[in-house]
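> Listed here are the chains, written in short residue letters.
There are 2 protein chains.
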Amino acid sequence: MTRVDSSLSVPRYVQVARTLFDEIENGRYGVGSLLPTEFELCAQFGVSRFTVREAVKQLVHQGLVLRQPGVGSRVLARHPVKQYTQTMTGITDLRQYASETTLQVTQSQLLHVEGSLARLLEVNKGETWLHIEGLRYQDDQEQPICLTDVYIAPRYRSIEGVEGAMREPLYRLLEKQFGCTIKAVQQEIRAMVLSAQLAKKLGVSARTAGLWIARRYFDERDELVELAVSVHPAERFSYRESFRRDWQLNNINTDTTH
Amino acid sequence: MTRVDSSLSVPRYVQVARTLFDEIENGRYGVGSLLPTEFELCAQFGVSRFTVREAVKQLVHQGLVLRQPGVGSRVLARHPVKQYTQTMTGITDLRQYASETTLQVTQSQLLHVEGSLARLLEVNKGETWLHIEGLRYQDDQEQPICLTDVYIAPRYRSIEGVEGAMREPLYRLLEKQFGCTIKAVQQEIRAMVLSAQLAKKLGVSARTAGLWIARRYFDERDELVELAVSVHPAERFSYRESFRRDWQLNNINTDTTH
DNA sequence: GAGTGGTCTAGACCACGAA
DNA sequence: TCGTGGTCTAGACCACTCG
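Quick note, the sequences are listed as chains A and B, same order.
Here this note's numbering is used: the first residue of the first sequence is 19, the next is one more, and so on.
Here this note's numbering is used: the first residue of the second sequence is 19, the next is one more, and so on.
Hint data in this document are derived by calculation from the structure and do not stem from the laboratory.
Mixed in with the good hints, there may be bad ones.
Computed cross-link-like contacts, SDA-like style, restricted to lysine to any residue with a CA-CA straight-line distance of at most 25 Å [said to hold, decoys possible]: (1) A:Lys219 with B:Arg263; (2) B:Lys194 with A:Gln76; (3) B:Lys201 with A:Pro98; (4) A:Lys218 with B:Val211; (5) B:Lys219 with A:Arg225; (6) A:Lys218 with B:Lys201; (7) A:Lys201 with B:Lys75; (8) A:Lys194 with B:Arg263; (9) A:Lys75 with B:Cys60; (10) B:Lys201 with B:Glu253; (11) A:Lys75 with B:Arg225; (12) B:Lys194 with A:Ser260; (13) B:Lys218 with A:Lys201.
Short, incomplete list of chain A residues facing chain B, as computed with Cβ under 10 Å [claimed, not checked]: (14) Arg85; (15) Val89; (16) Arg92; (17) Ala202.
To be clear about the criterion: a stretch of chain B counts as covered by chain A if any three or more of its residues have a C-beta under 8 Å from a C-beta of chain A, and this derived list gives those stretches [said to hold, decoys possible]: (18) 148-157; (19) 198-204.
We put the beta carbon where it would ideally sit given N, CA and C, even for glycine.
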């Protein structure tokens, strides 16, 4: 049927991927339906299964297709979902300062969750979490870079070593002591005006701006392990990140039949 | 030498990847040096080239190794650089509201760059950029969600269609009209206190907090194409994103020889 | 039990970089 | 010229899903 052109310099699996990409976009394969099996695609395009699998991999990488062993390759979306990607080191680097900072723990105690905190944690009232409060300092500076409140889930609240000056991210401690793995992190950023109390702790003037950052850490089972809320003085902190396009299906618009 | 164990349920290419991962971490393959060739690795591990390539792919995906055709696979770093990844749709979705917003252009004019703007753009003074100002509205709301200033590079300042209500991201317009491709985006987020003037335009009280977001768009040649600066009232906007671990080399610490 | 995608083998040819 | 990684073929076995 739609054979690939071997004279072009573009790899066959890219040609196959582009064709499938177009066909999904044109609705030939509707969202929720299954693509032809890999063997059928081999026959359709006259290529080997290796080539077909590389092609489908491109679509998976864009979030267009989900592969299900024993079932098939399901179309997830008509248009690409993922276009730009960002990667980063540890969670510490969610903020610019890699591991060149120290968390000075000022308080650490068990806490019955209720009220607005329960909403922030998205858990039921009454659970007992571990609450840790501290100030984070950049190595060479005297003023703190942020005030941090960390909440640890009941399952992990027996964590040890949370005291004094900590140079290791808390989530690493959790991973080490409990053998769990942080699989995902959600982050939310807001702007706020610093109250007199907060401003004093941070060593800045009241009524100035602050960057409020909440990070939620989830384990393999997608359960919340830790919530960390940081407040940064605007004058000492900005959050940077960069994204990059990284797939190969650009500028297609070829003459595929519609 | 270091054969893989076929009795384990973990795929061979993961076993190979983990071994190489450890060997890089232990310094057997120093940063900047070349890994053994794929054929040598085949012999060392007693596996096919397919398996070796899948294994090395894992390392590449973590930024540990760079493949150079005709040269070899070079070690880039001793420890993983990329641990969590985030993907997102268009640049519009850098913010939560996908394409459910409209940019109402209020001004559009050529502008000689100088002073603080030159620093922000990181270009020399004297260049003539196109400056566009507008308010962005969420579809169902009356108050604007942000005030936006967009600066377009001289090469693209002849862009057309920048007026009235725009429902398409500006960078898409650029890609369409000039056939260029946005390859990367840098983003910077700050907190600020809204001046009386800004607050009035946004319809909020003066002295409240605002989220300041600058996005720089770069083309294939890594040249700055567009800078967009948005100011959001804190009460109407927060920035969310999530990251995900997605490699397979976790919890290694097996008994690989050191 | 039939069919799926996941893994894996043993070959092959190519463009490219280095000597 | 030679060896590298990039692409590709034609097979194979497996665990899994589903009827």
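> Next step is simple, just say for each hint if it's right about the structure.
Okay, the hints, checked on the actual structure:
1. A:Lys219 with B:Arg263: violated (34 Å)
2. B:Lys194 with A:Gln76: holds (23 Å)
3. B:Lys201 with A:Pro98: holds (16 Å)
4. A:Lys218 with B:Val211: Given pair Lys218 (chain A), Val211 (chain B) holds - Cα atoms ~18 Å apart, limit 25 Å.
5. B:Lys219 with A:Arg225: OK: Lys219 (chain B) and Arg225 (chain A) at ~21 Å, within 25 Å.
6. A:Lys218 with B:Lys201: violated (43 Å)
7. A:Lys201 with B:Lys75: Roughly 21 Å between the alpha carbons, so the hint for Lys201 (chain A) and Lys75 (chain B) holds.
8. A:Lys194 with B:Arg263: holds (17 Å)
9. A:Lys75 with B:Cys60: It holds: about 24 Å lies between the C-alpha atoms, which stays within 25 Å.
10. B:Lys201 with B:Glu253: violated (32 Å)
11. A:Lys75 with B:Arg225: violated (51 Å)
12. B:Lys194 with A:Ser260: holds (23 Å)
13. B:Lys218 with A:Lys201: Violated, at about 43 Å.
14. Arg85: violated (15 Å)
15. Val89: violated (20 Å)
16. Arg92: violated (19 Å)
17. Ala202: holds (5 Å)
18. 148-157: violated (count 0)
19. 198-204: With 6 residues closer than 8 Å to chain A, the stretch 198-204 of chain B meets the three-residue bar; holds.
The earlier numbered hints that this structure contradicts are 1, 6, 10, 11, 13, 14, 15, 16, 18.
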